[in-house]
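> Throw the hints in and build the complete structure from the sequences for me.
In order, the protein sequences belong to chains A and B. Start counting the first sequence at 7; every next residue gets the next number (my numbering). Start counting the second sequence at 465; every next residue gets the next number (my numbering).
Quick caveat, the hints were computed from the structure, so don't treat them as lab data. Beta carbons are placed, not taken as given, at the ideal position from N, Cα and C, and that holds for glycine.
Each pair of labels, with its calculated beta carbon distance range:
1) A:Phe-206 - B:Glu-545: 44 to 52 Å
2) A:Ile-178 - B:Arg-600: 29 to 37 Å
3) B:Asn-729 - A:Pro-191: 46 to 54 Å
4) A:Val-362 - B:Arg-600: 35 to 43 Å
5) A:Pro-191 - B:Ser-539: 22 to 30 Å
6) A:Ala-340 - B:Arg-574: 55 to 63 Å
Below, each chain spelled out in residue letters.
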Amino acid sequence: MPIGDMLLRSVDDSQINTVFPRTFEEYNKWNRDVDELPPEEVYRTLFEELATGEKIQIGRALTRMNYSKSGWKSLIKKTSREIKKMTKKGIVPESYKETLIEINKDWGDPTFWYSMAQMVNKQTPIYYWNAIDRTYDQNQKVIMQDEKRRIYVQTWFKTLKVSVYVTFFCLILGFPVAHLLANLPLRYSNLLMIFVLLPFWTSLLVRTTAWIVMLQQKGVINGVLVWLGILSDDGRLQMVYNETGTLIAMTQILLPFMILPLYSVMKVIPKSHMRAAQNLGAKPALAFWKVYLPQTIPGMSAGGLLVFVLAIGYFITPELVGGKDGKLIGSWIAFHLKTTLNWGLCAALGAILLAVMLVFYWLYNKIVGIDNIKLG
Amino acid sequence: MNSESEKSFVKFEKIDKSYDGEVLVVKNLNLDIAKGEFVTMLGPSGSGKTTTLMMLAGFETPTNGEIFLDGMPISKIPPYEREIGMVFQNYALFPHMTVQENLAFPLEVRKLSKGETKEKVQKALDMVELGDFGTRFPAQLSGGQQQRVALARALVFEPRLVLMDEPLGALDKNLREQMQYEIKHIHDRIGITVVYVTHDQSEALTMSNRIAVFNDGVVQQLSTPDILYEKPENSFVAQFIGENNRMSGTIKSMENNYCSVELENGAGTVKALKVNVGGVGEKTQLSVRPERVSLGSDGNGENVFTGKVEELIYLGDHIRVRLDVCGNNEFIVKVPNEGSFNYNEGDSIKLNWNPDDIRALDPVN
Chain A
7 MPIGDMLLRS VDDSQINTVF PRTFEEYNKW NRDVDELPPE EVYRTLFEEL ATGEKIQIGR
67 ALTRMNYSKS GWKSLIKKTS REIKKMTKKG IVPESYKETL IEINKDWGDP TFWYSMAQMV
127 NKQTPIYYWN AIDRTYDQNQ KVIMQDEKRR IYVQTWFKTL KVSVYVTFFC LILGFPVAHL
187 LANLPLRYSN LLMIFVLLPF WTSLLVRTTA WIVMLQQKGV INGVLVWLGI LSDDGRLQMV
247 YNETGTLIAM TQILLPFMIL PLYSVMKVIP KSHMRAAQNL GAKPALAFWK VYLPQTIPGM
307 SAGGLLVFVL AIGYFITPEL VGGKDGKLIG SWIAFHLKTT LNWGLCAALG AILLAVMLVF
367 YWLYNKIVGI DNIKLG
Chain B
465 MNSESEKSFV KFEKIDKSYD GEVLVVKNLN LDIAKGEFVT MLGPSGSGKT TTLMMLAGFE
525 TPTNGEIFLD GMPISKIPPY EREIGMVFQN YALFPHMTVQ ENLAFPLEVR KLSKGETKEK
585 VQKALDMVEL GDFGTRFPAQ LSGGQQQRVA LARALVFEPR LVLMDEPLGA LDKNLREQMQ
645 YEIKHIHDRI GITVVYVTHD QSEALTMSNR IAVFNDGVVQ QLSTPDILYE KPENSFVAQF
705 IGENNRMSGT IKSMENNYCS VELENGAGTV KALKVNVGGV GEKTQLSVRP ERVSLGSDGN
765 GENVFTGKVE ELIYLGDHIR VRLDVCGNNE FIVKVPNEGS FNYNEGDSIK LNWNPDDIRA
825 LDPVN
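In structure tokens, the structure reads:
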């Protein structure tokens, strides 16, 4: 249900259609090749609908209109005020067109009218185009955003890159730990298991903040490195508030999700397999490569998929330790959800995220086979 | 190869093994295994037999002593260079490989050509009658089939020696018996040396040329199955292999190969074969097999006793009679079912046995 709601919302444009139904109806009759500006009827219906419409509904519609072309909001707000004054006085304009242009000369600017074409349908792909840095030009063709406003494509790639790296590092670091967990004598492995699970008992925020303390320029790690003489005092590394920080913190936080599936798979691989392989003539390294490693694939893929899925939508940690260039797509979703209230864009970003996940899932199924997954 | 190494193809020399540096799980083990022999290590769990096998395979190192294979010390040789095949308790087939790949593994490791590998794999599969199962995965095979694959894999690279660690433990009784014969036949056919570990005495008796009975880290007796059964050298072996009737007593006198033993509780005096006893006046345990006791007659007048029939169990080919004799009410006699047995529970009955059939062994506690 929430997913369906999100998908609907990502293309939904019905609100504005309830505010200006008649205007849009008339607008559709406008032949741009013949007239430079829309016909009188369009101006009249717009005038009337602004005069009678509910203020809150109009306000919400304005926000939407501004996504298509900035300037709409102030234009309509000013116009609305004038129209309210006129209706109070009982003035009925002779020519709505001229009156509106008189109120604000932007009504004579065809580009505003052109952009209205994006709103007349109850569904719109505009949020999706925005989510990949595209917008419409005045001829309703899809073009790139201004260079200053291009943020999403780059963020998408960064999100993918960070997720892949985090998954990779989790695998590299998690494999030996899981192997130890599965093979150490019980009393040691229990202790180790507690260390693995300990982070789960600590708040995510605390852990993230702890990483800031560790990584910042006057932080623990830099301090130790300077003290050891490896770094000079002004050569302190910038390890937080950038991508490095995001990578380190996310790897640590997501590591248990890699270790636990790996552990559960390794636990059931009989120790006799390595012995059998050696008995059959394979050196320990070859026995590991040919006999042990292939049997851990279900755990690696379960852990990998789990970490990747979590990483791709992660936002608290990148938000806190990522600084400006460590921000991932999740941060932008949160930003639009809470700050700009552009839920359509949020939904579109979310839907793309979902689609990317499905593509990866499909690829994974093609390459490894989903039956091969094993969580425990 | 000279006759010396022929006789002791595998040689354990004064082997001690301890895991914790305190308790010896194998104590001063000396064992020679001839080429082509089928030797079983038999014993209860914890008796050190599997540890001994693992030392031979190279997964454990002896604390003291040395193991020789074909005249060469092997303690320093890693398991992957020993050329010893092994069938593991739970087969240890690699689940991600097909049967063929499992069998090809040792050959590929040895860098055999593709054609040769294929030929040998097929030959090994045919040997265990699984020629058509090469493309299956181990999980798609029954327990018995997996067992055979494990056997084929241990043999396919023509090792110098094959070890088997309770390989039939996971099979049901019928299959186990069938596999026992099958392994024995394969052994007879290819003449490979086999060291087999089991805790099942009937399995050991069926298959082996010689059996080493382990207890408490020590080989109690190493001999052929018939001698182990008929001439056990100590109470543990008599007890562990087959059924026996035990009686405790004190040695009164000794003459030649016999001794006369006064039973506890004043139940009488028994003339027994002197096997493993101290001097006059010392304790001993007597052991007689249930099928060596005859009922209802005086025999030649030696070792005649009277017992009370406590329980009769009809077993088809023989009748198992539980008697109260000399204060021991667990005394078992097996009577062949010849149609002439007509006693009832509660009857008194005369019984006797030959002094050669009752062995005076070391006392138990």
